[in-house]
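Could you build the full structure based on these sequences and the hints that come with them?
As you go down the protein sequences, you meet chains G and W in turn. Counting from 198, one number per residue, gives the positions in the first sequence under this note's numbering. Counting from 4, one number per residue, gives the positions in the second sequence under this note's numbering.
Since the hints were made in silico from the structure, they are not lab data. Heads up, some of the hints might be wrong.
Derived DEER-like restraints, expressed as beta-carbon distance ranges [what the hints assert, rightly or not]:
1) W:Leu139 / G:Lys345: 24 to 30 Å
2) G:Leu295 / W:Ala55: 18 to 24 Å
3) W:Phe47 / G:Ser356: 33 to 39 Å
Chain W side only, calculated, beta carbon under 8 Å to chain G, not exhaustive [what the hints assert, rightly or not]:
4) Ser6
5) Ser37
6) Phe40
7) Ala42
8) Pro43
9) Phe45
10) Thr46
11) Tyr48
12) Pro50
Some chain W residues well away from chain G (every beta-carbon gap over 12 Å; in silico) [stated by the list, open to error]:
13) Asn5
14) Leu9
15) Asp10
16) Tyr12
17) Thr13
18) Phe41
19) Val49
20) Ser52
21) Gln134
22) Ile137
23) Val147
24) Lys151
25) Lys170
26) Gln171
27) Ser172
28) Asn174
Since the model is a prediction, treat every value here as computed from it, not as a measurement. Think of the CB as a built atom: it goes at the ideal place given N, C-alpha and C, for glycine as much as any other residue.
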Amino acid sequence: MIVGLAIILAVIIGLGLGWQFIAPSSSTPTNTAAMLTSSSSGMLDTSMSGSSSFAFVSNLTAGSPPTLGSPNASVTIVEFGDYQCPTCGAWYNSQEALLIQNLVDSGKAKLVWRDFDYYGPDSVSASEAAYAAGEQGKFWQFHDLLFKSQQTPNNGWASRQNMETFAQQLGLNMTEFDESFNSGKYDPIIYANHSLGVQAGVTETPTFFLIGPNGKIITIAGGQPESVFEQAVASLTSG
Amino acid sequence: MNSPILDTYTDVRYALLSGVIMIGYGTLLLFFDSFLFFAPYFTFYVPTSAYANLLLDLLLTFLTAIVLAVSLRQLSLRKQGGSSSKTGVLGIFAALLAGACPCYYLIPLLAVAGTIGGALGAVGIILNAFQIPIKLGALLILVVATYKLNKSGVCKISPSTRSVLRKQSLNEQ
Numbered sequence: 198m199i200v201g202l203a204i205i206l207a208v209i210i211g212l213g214l215g216w217q218f219i220a221p222s223s224s225t226p227t228n229t230a231a232m233l234t235s236s237s238s239g240m241l242d243t244s245m246s247g248s249s250s251f252a253f254v255s256n257l258t259a260g261s262p263p264t265l266g267s268p269n270a271s272v273t274i275v276e277f278g279d280y281q282c283p284t285c286g287a288w289y290n291s292q293e294a295l296l297i298q299n300l301v302d303s304g305k306a307k308l309v310w311r312d313f314d315y316y317g318p319d320s321v322s323a324s325e326a327a328y329a330a331g332e333q334g335k336f337w338q339f340h341d342l343l344f345k346s347q348q349t350p351n352n353g354w355a356s357r358q359n360m361e362t363f364a365q366q367l368g369l370n371m372t373e374f375d376e377s378f379n380s381g382k383y384d385p386i387i388y389a390n391h392s393l394g395v396q397a398g399v400t401e402t403p404t405f406f407l408i409g410p411n412g413k414i415i416t417i418a419g420g421q422p423e424s425v426f427e428q429a430v431a432s433l434t435s436g
Numbered sequence: 004m005n006s007p008i009l010d011t012y013t014d015v016r017y018a019l020l021s022g023v024i025m026i027g028y029g030t031l032l033l034f035f036d037s038f039l040f041f042a043p044y045f046t047f048y049v050p051t052s053a054y055a056n057l058l059l060d061l062l063l064t065f066l067t068a069i070v071l072a073v074s075l076r077q078l079s080l081r082k083q084g085g086s087s088s089k090t091g092v093l094g095i096f097a098a099l100l101a102g103a104c105p106c107y108y109l110i111p112l113l114a115v116a117g118t119i120g121g122a123l124g125a126v127g128i129i130l131n132a133f134q135i136p137i138k139l140g141a142l143l144i145l146v147v148a149t150y151k152l153n154k155s156g157v158c159k160i161s162p163s164t165r166s167v168l169r170k171q172s173l174n175e176q
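Shown next as structure tokens:
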């Protein structure tokens with residue numbers, strides 16, 4: 198009986214741990230995403246390491262997403278996150294400054310932000326507001342303010358009204374901000390980012406894709422310590 | 004009579020089973036709580052803001068392993084004609100109920116993957132935000148179950164039986 202129970206336990210644990218590897222194969226947009234996503238193509242190669250498809254790398258770095266660091270940095274770190282996600286907030290507050298100091302400021306890597314909004318409409322409002330702040334050159338300041346002000350998801354802290362307050366705190370031109378914020382012009386970017394995340398197999402936030410100089414990709418899922426990023430960057434740049 | 008908990012751990016098979024439950028369940032909890040990562044590198048990481056959560060995880064793991072092992076032994080003894088109580092079944096039920104708490108981690112993941120989404124996803128997100136109170140509740144269930152299990156093996160003698168026994172003893176003298 199005991200051996201049987203141990204086997205059942207092992208199977209349950211295996212299923213639990215295997216979930217994140219199973220989930221991407223059945224990824225389709227969520228309700229929030231369905232609201233956001235205009236189209237969804239097939240799965241892309243998201244293997245943890247080794248040569249990934251050129252198309253996948255191109256998709257991750259396509260367009261002109263908000264980017265921190267030198268354009269010539271050999272490694273690109275693409276973060277998929279949600280401003281309301283507690284793990285994203287915890288990672289931001291404990292690790293992002295270290296990562297910027299050790300990898301971005303040193304020129305080894307650049308950090309790219311892509312929205313993966315699934316916590317609800319307030320997440321979309323936060324994304325829109327950050328882009329609207331970006332029009333006045335303050336995307337990253339707004340991004341920082343959002344994570345520093347994060348509270349329990351969907352309790353109203355990321356409401357459209359509060360976004361106005363945050364914009365005022367940053368001293369933005371409110372007429373310009375309101376015009377951009379309420380225009381709906383960022384929705385296609387947010388839709389596309391979510392769609393890209395789904396295609397890439399994002400099953401939790403934050404998820405980071407580290408793209409090396411030769412197109413090799415390392416995926417870091419969850420709020421992992423900065424030392425893991427340093428190790429991964431070293432691995433990508435060492436050949 | 005010894006405590007059923009101590010008796011359980013003197014039996015190597017149940018001590019081993021308890022160890023397996025502890026390692027397995029602990030690994031699962033630490034993984035879902037983002038203390039343990041398997042990719043790209045094996046990493047154990049505890050942010051300074053998460054010490055309380057880690058402590059709760061360890062306590063839940065420890066008590067779940069005790070309650071399950073003792074409950075299974077109680078059931079086994081019962082099958083063998085022992086005087087074990089029904090607390091074994093209740094203990095397993097309590098451990099499973101308390102152990103179900105990491106399942107809410109899966110709900111937001113399902114919402115992301117879109118296999119369920121909607122209302123259930125929203126419920127999962129709320130549960131995830133209140134994981135500390137939920138874990139405290141689970142811990143309370145396990146503490147009560149441990150206490151009940153420990154008491155279940157003690158033979159109680161009613162006051163009336165006690166007085167009869169005393170009379171018999173006096174008569175014999």
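Hints versus structure:
{"no.": "1", "hint": "W:Leu139 / G:Lys345: 24 to 30 Å", "in the structure": "holds (28 Å)"}
{"no.": "2", "hint": "G:Leu295 / W:Ala55: 18 to 24 Å", "in the structure": "holds (23 Å)"}
{"no.": "3", "hint": "W:Phe47 / G:Ser356: 33 to 39 Å", "in the structure": "holds (38 Å)"}
{"no.": "4", "hint": "Ser6", "in the structure": "violated (21 Å)"}
{"no.": "5", "hint": "Ser37", "in the structure": "holds (5 Å)"}
{"no.": "6", "hint": "Phe40", "in the structure": "holds (5 Å)"}
{"no.": "7", "hint": "Ala42", "in the structure": "holds (6 Å)"}
{"no.": "8", "hint": "Pro43", "in the structure": "holds (5 Å)"}
{"no.": "9", "hint": "Phe45", "in the structure": "violated (10 Å)"}
{"no.": "10", "hint": "Thr46", "in the structure": "holds (6 Å)"}
{"no.": "11", "hint": "Tyr48", "in the structure": "holds (5 Å)"}
{"no.": "12", "hint": "Pro50", "in the structure": "holds (5 Å)"}
{"no.": "13", "hint": "Asn5", "in the structure": "holds (21 Å)"}
{"no.": "14", "hint": "Leu9", "in the structure": "holds (19 Å)"}
{"no.": "15", "hint": "Asp10", "in the structure": "holds (16 Å)"}
{"no.": "16", "hint": "Tyr12", "in the structure": "holds (14 Å)"}
{"no.": "17", "hint": "Thr13", "in the structure": "holds (15 Å)"}
{"no.": "18", "hint": "Phe41", "in the structure": "violated (7 Å)"}
{"no.": "19", "hint": "Val49", "in the structure": "violated (9 Å)"}
{"no.": "20", "hint": "Ser52", "in the structure": "violated (7 Å)"}
{"no.": "21", "hint": "Gln134", "in the structure": "violated (9 Å)"}
{"no.": "22", "hint": "Ile137", "in the structure": "holds (14 Å)"}
{"no.": "23", "hint": "Val147", "in the structure": "holds (23 Å)"}
{"no.": "24", "hint": "Lys151", "in the structure": "holds (21 Å)"}
{"no.": "25", "hint": "Lys170", "in the structure": "holds (45 Å)"}
{"no.": "26", "hint": "Gln171", "in the structure": "holds (42 Å)"}
{"no.": "27", "hint": "Ser172", "in the structure": "holds (42 Å)"}
{"no.": "28", "hint": "Asn174", "in the structure": "holds (47 Å)"}
Violation of the numbered hints given earlier is confined to hints 4, 9, 18, 19, 20, 21; the remaining hints are satisfied by the structure.
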